[in-house]
Amino acid sequence: MKRNIYLVLIALLMSSSLSAENNGTVEIVSTSYQRVMVKDENGTLVETWPRATKVIPGTIVKYTDTIVNTTNDNITAVKVSNPINANLVYIADSAISEFNATILYSIDGGKSFDEPDNLKVVEGDHNRTAFPEEYNGVQWSVDEIPHDTNCTVEFRVKLK
Amino acid sequence: MSLLLKYLNLSLLLFMPLYPKGTIVGTIINNHANIQYVMNAKEYKYSSNIDRFVIDHVIDLDISWQNTAHVLVGSGDKGVVLTFLLTNLGNGEDTFTLRYEHNDTNSFDPPPTNTHIYLDIDGNSIFDISKDTEVTKDINITADHNVTLFVVADIPDTNDTNYTDAELSHDGISVESASLPDDGEDRADSVDIVVRTGESRAMGVYEIREFWFDSSKSVRAISDDNLTHTGSVLHYTILLRLRGETSGKSVDSVVVTDAIPEGSTYLSDSLYLDEKLLTDEVDGDDGDINSTHIRVLVGEIAEDDNHTVEFEVMVD
Chain A
0 MKRNIYLVLI ALLMSSSLSA ENNGTVEIVS TSYQRVMVKD ENGTLVETWP
50 RATKVIPGTI VKYTDTIVNT TNDNITAVKV SNPINANLVY IADSAISEFN
100 ATILYSIDGG KSFDEPDNLK VVEGDHNRTA FPEEYNGVQW SVDEIPHDTN
150 CTVEFRVKLK
Chain B
0 MSLLLKYLNL SLLLFMPLYP KGTIVGTIIN NHANIQYVMN AKEYKYSSNI
50 DRFVIDHVID LDISWQNTAH VLVGSGDKGV VLTFLLTNLG NGEDTFTLRY
100 EHNDTNSFDP PPTNTHIYLD IDGNSIFDIS KDTEVTKDIN ITADHNVTLF
150 VVADIPDTND TNYTDAELSH DGISVESASL PDDGEDRADS VDIVVRTGES
200 RAMGVYEIRE FWFDSSKSVR AISDDNLTHT GSVLHYTILL RLRGETSGKS
250 VDSVVVTDAI PEGSTYLSDS LYLDEKLLTD EVDGDDGDIN STHIRVLVGE
300 IAEDDNHTVE FEVMVD
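So the protein lines, in turn, are chains A and B. Just so we're aligned, residue 0 is where the first sequence starts under numbering that gives the first Met the number 0, counting upward by one. Just so we're aligned, residue 0 is where the second sequence starts under numbering that gives the first Met the number 0, counting upward by one.
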């Protein structure tokens with residue numbers, strides 16, 4: 000019984016939804032939405048984004064990562080990185096941020112991030128700039144997120 | 000052994016990749032983000048929750064006729080073949096029900112008979128009745144794979160009384176996915192089925208040739224009791240002619256080779272071409288025999304020609 004309590008405590012300490020700060024928490028919550036086109040009352044197709052639970056190939060999926068800072072302190076030098084699943088294809092220029100952010104990309108599974116022009120892949124006997132479809136990670140760098148503030152970053156992919 | 004090889008080949012065929020397309024049904028797509036930041040001069044790193052969704056089952060198929068032109072046929076033709084390609088465009092293995100189709104309202108009459116659907120076992124897209132298997136039940140095709148199918152039919156022998164040049168018959172295959180959901184089926188706890196194309200049909204075309212070469216063989220017993228027994232003589236007649244719209248048409252260099260029936264012996268000096276006796280030896284005339292075959296050089300057959308080759312054997 001005592002051992003189980005320790006395990007629960009350890010799990011809570013490692014949880015993504017808790018931080019070590021007093022006076023609130025810093026959380027990051029990842030959520031997926033899928034694009035569904037529906038007709039409005041006028042018969043016009045409009046874009047909707049319900050939660051993604053069951054998806055078919057070819058669907059556009061939007062991921063949001065929301066940083067929730069409920070502490071009494073600002074957080075700085077914030078870096079959010081999100082690997083891209085191998086079954087998903089990044090959609091060019093879809094990465095955005097609610098706050099001003101520097102956005103970098105990875106082609107090595109998130110080990111490193113860089114500007115698009117600096118991402119090179121070997122093709123035959125030369126290097127070329129990676130296509131956005133080849134990105135497998137995105138990183139947002141935000142200077143500061145004030146206390147009691149949320150900041151959402153997002154990107155879109157297409158399911159293979 | 001050959002049966003085993005046939006099924007091994009079938010497995011290879013059905014698992015040959017066509018091209019990667021569509022994440023496989025049931026795949027779980029996980030996502031998480033990582034964050035690092037500084038608060039009060041101290042650095043923190045966390046991971047987010049894991050967001051996940053599942054890939055639904057897309058039912059999608061395509062069947063298409065592969066012959067590049069109408070398949071020319073003539074009265075009495077056997078085993079004429081139309082070729083089709085069936086592709087599972089969905090993202091999961093699917094089972095397909097195949098049915099032979101004939102367009103009754105747009106067909107020469109009488110229509111093709113003895114129709115069967117065969118599966119191309121060796122993957123060469125060429126029908127071979129000794130290798131390819133008749134489709135008698137539903138077939139499975141894995142995602143993004145295809146199979147070649149053949150419609151094989153006979154053209155009724157109408158003795159030229161029905162068919163005319165360039166008449167058509169539209170014949171093909173209808174296919175339906177066996178995974179189509181039932182109405183009202185609740186699949187809330189599993190993957191859903193999304194139907195893009197659940198059934199389809201492709202038709203090919205048989206076209207009556209302008210004219211064709213026809214040979215037919217008959218036999219009659221020559222004995223006092225008209226029965227066949229040891230010592231009976233069998234008289235064979237092979238009729239050669241052009242059929243269809245033969246006006247002004249001819250074929251050249253026709254050679255008839257026919258096996259001496261097993262259990263019989265050729266009767267010397269019984270080989271005839273158009274009632275003219277041919278020698279049995281290879282000596283410059285139009286016929287000769289060996290221990291197993293008769294051979295007759297008929298040459299040209301023109302529009303209204305009827306040529307006959309006759310020979311006799313004695314039952315051993």
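Think of the hints as simulated: they come from the structure by calculation, not from any bench. Don't take each hint at face value.
[As the list claims (entries may be wrong)] Below are the BS3-like pairs computed for lysine-lysine, each with C-alpha atoms no more than 27 Å apart in a straight line:
id, chain 1, residue 1, chain 2, residue 2
1, A, Lys38, A, Lys110
2, B, Lys44, A, Lys61
3, A, Lys78, B, Lys41
4, A, Lys157, A, Lys119
Here the structure is a predicted model, which is why all the values come from computation and not from measurement.
Results for each hint:
no., hint, result
1, Lys38(A) x Lys110(A), "violated, 43 Å"
2, Lys44(B) x Lys61(A), "holds, 24 Å"
3, Lys78(A) x Lys41(B), "holds, 14 Å"
4, Lys157(A) x Lys119(A), "holds, 22 Å"
Hint 1 from the list above is the single one not met by this structure.
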